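Residues per chain, in single letters:
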Amino acid sequence: MKIAIASGKGGTGKTTLATSLSSHLSETQDVVLVDLDVEEPNSRLFIRGDQTHSQSICKQVPEWTGDCSLCGQCQEICNFNAVIKVGTQIMLFPELCHSCRACSELCPESALPLKPRKIGMLNQIQAGNLIFVESRLEIGEQQAVPLISQTKDYIDNHFDESYIIIYDSPPGTSCPVIEASKDADFVILVTEPTPFGLYDLKLAVEVMRKMKKDFGVVVNRDGLGNNDVLDYCDMETIPVLARISNDRRIAELYAAGELIFSTIPEFKEQLLLLERSLELSTVVDPV
Amino acid sequence: MGSFSYLGKSDLVIADCDVDAADLHMLLGPDYQRSEDYYSGELAILDQDKCINCGACLSVCQFDGIQSENGTFRIEAMNCEGCGYCQRVCPTNAIQMETQKVGEWYTSSSKVGSTMVHAKLGVGAENSGRLVAQVKNEARRHAKKEGKEIILIDGSPGIGCAVNSALSGADYVVFVTEPSVSGIHDLKRVTELVKGFSIRSGCIINKCDLNSQMLDELITFMADAGIEHIASIPYDETFTAAMLEGKTLVEYDKGPASQVLIKSWEKIKQFAETEGCLK
Chain A
-6 MKIAIASGKG GTGKTTLATS LSSHLSETQD VVLVDLDVEE PNSRLFIRGD QTHSQSICKQ
54 VPEWTGDCSL CGQCQEICNF NAVIKVGTQI MLFPELCHSC RACSELCPES ALPLKPRKIG
114 MLNQIQAGNL IFVESRLEIG EQQAVPLISQ TKDYIDNHFD ESYIIIYDSP PGTSCPVIEA
174 SKDADFVILV TEPTPFGLYD LKLAVEVMRK MKKDFGVVVN RDGLGNNDVL DYCDMETIPV
234 LARISNDRRI AELYAAGELI FSTIPEFKEQ LLLLERSLEL STVVDPV
Chain B
228 MGSFSYLGKS DLVIADCDVD AADLHMLLGP DYQRSEDYYS GELAILDQDK CINCGACLSV
288 CQFDGIQSEN GTFRIEAMNC EGCGYCQRVC PTNAIQMETQ KVGEWYTSSS KVGSTMVHAK
348 LGVGAENSGR LVAQVKNEAR RHAKKEGKEI ILIDGSPGIG CAVNSALSGA DYVVFVTEPS
408 VSGIHDLKRV TELVKGFSIR SGCIINKCDL NSQMLDELIT FMADAGIEHI ASIPYDETFT
468 AAMLEGKTLV EYDKGPASQV LIKSWEKIKQ FAETEGCLK
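Residue numbers (my numbering), protein chains in the order written: chain A, -6 to 280; chain B, 228 to 506.
In short, the hints are calculated from the structure, not lab data. The reader is advised that the hints may include incorrect statements.
[To be verified] Below are the BS3-like pairs computed for lysine-lysine, each with C-alpha atoms no more than 27 Å apart in a straight line:
#1 K277/B <-> K363/B
#2 K422/B <-> K111/A
#3 K328/B <-> K175/A
#4 K338/B <-> K481/B
#5 K175/A <-> K206/A
#6 K375/B <-> K363/B
#7 K490/B <-> K236/B
#8 K474/B <-> K422/B
#9 K338/B <-> K363/B
#10 K195/A <-> K415/B
#11 K236/B <-> K363/B
#12 K328/B <-> K206/A
#13 K277/B <-> K236/B
#14 K195/A <-> K338/B
#15 K236/B <-> K371/B
#16 K422/B <-> K236/B
#17 K195/A <-> K175/A
#18 K328/B <-> K205/A
#19 K481/B <-> K195/A
#20 K375/B <-> K195/A
#21 K363/B <-> K415/B
#22 K277/B <-> K371/B
#23 K338/B <-> K277/B
#24 K481/B <-> K371/B
#25 K481/B <-> K494/B
#26 K111/A <-> K175/A
#27 K111/A <-> K415/B
#28 K490/B <-> K203/A
#29 K338/B <-> K371/B
[Said to hold, decoys possible] Some chain A residues well away from chain B (every beta-carbon gap over 10 Å; in silico):
#30 V25
#31 Q44
#32 T45
#33 H46
#34 Q68
#35 Q119
#36 D193
[Stated by the list, open to error] On the chain B side, residues computed to face chain A include the following (Cβ under 8 Å):
#37 M253
#38 E269
#39 Q289
Note that the coordinates shown come from a computational prediction; the quantities given were computed from them, not determined experimentally. By construction, the Cβ of each residue, glycine as well, lies at the ideal position given by its N, Cα and C atoms.
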């Protein structure tokens, strides 16, 4: 069973919620927290445990053998400007390559064999009963989606349906978020009650509806701005699963890299409410 | 960003390159004088009448863009990467690639009279880096035409294609961070990216009173990395109060945070002059 925690706007509290929710749930159930914000994976900062596994993640990109008739079909085939014929050379731009393999497999002289190119590192950590997996995009790599996709494959290959999988998703509304949440059974959208929060929430809702996802909203920093977010959710019949108060203590704990739920009772209360809401959706199996 | 845009008055061109969560328009009152559709990337379209269900497309697709149900094949649009491989192998030309409208970009006049170039990326769209490049190129064109020396760019978070695109060609980068484990972690990653571009940089520390130990760590890191410390702003809910009224902080009030931003803007302009970016 998979839950994705997403948002439109960055900095709304996805990681705060993901780390606390998964730690809390892992006290009674088998949970895997997966940090899919591969550009800035900082969930790990809140997880205390031992690294049990680490591996490079690669994408397949073409490499020129240096010897061909320079027919130029590869350039014509590539839709991403990653293969260019310049004079007597075939030049490759692996950071632009989407690994579709067309140039390599359609080359009449097999002059573009595929070679692995490292795009990131996947790390697994055991923190008590919680399993934590993160992937970190190599600095300079442009595309998050291939790394997110392969991280999810790793999860599917190693953890069966007996686990609750929680995806800490990237911010925004474009392809990385789609990739992170497309196979989730339920998506939690974290927002803040401000004009920026509402505007970006509406974009995120549009994405969820396009993907036909079951979703609900958690309002973080409740009390900071106005009631427009709550009014919007009410009008659109979007369930508000929890409201976390605008509490400086939460910000201070977060700044120090501490989990929130064990220290602030009001926060834990909202977490329990969220957990019950998810059970009401018959998404989380009651223990 | 909002406040700097306001302070710059009509001497700037503004480029909002945070294209998939573009919020700056809520503070700067753009008038959307010009609106253009933005096309990028392709989507496979399958003509069922021509399809002979041979499955060649499915066998080559790396992205689950082709799905098969009860012997019928169809394109899963959300997964299609737009590479065109399926089109090339289809024996009956049943697949065509169509260019997609992935967003819109706009040229506006802001409420302080400066030209503002901004955009909206369609939900789920790819190629945000290319739309960012489009916004910047248009901003550059306007700056040249209007004789404006500064283009102020609002970038997006992260280190991916949109950020790379926003950074390329920049003369100076202003980081905004906070004294937290996440703030430091993420700043370190983006600093490494910016080093690859060899661009001089400065940093504003927001919510500086959140954690004094983290603040010290941050300042030490910045000094070691050669990032100029532009300013520190204590946590201040006036930012939200201003946002609720659709105002930048510096037009909302003249409180302490506002004063810091005014001084910061002067510093940034000074850095740019010393660097020789301004003629």
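| Can you list which hints this structure breaks, lowest number first? | The structure breaks hints 1, 8, 10, 13, 16, 19, 20, 22, 23, 24, 28, 36; every other hint is satisfied.
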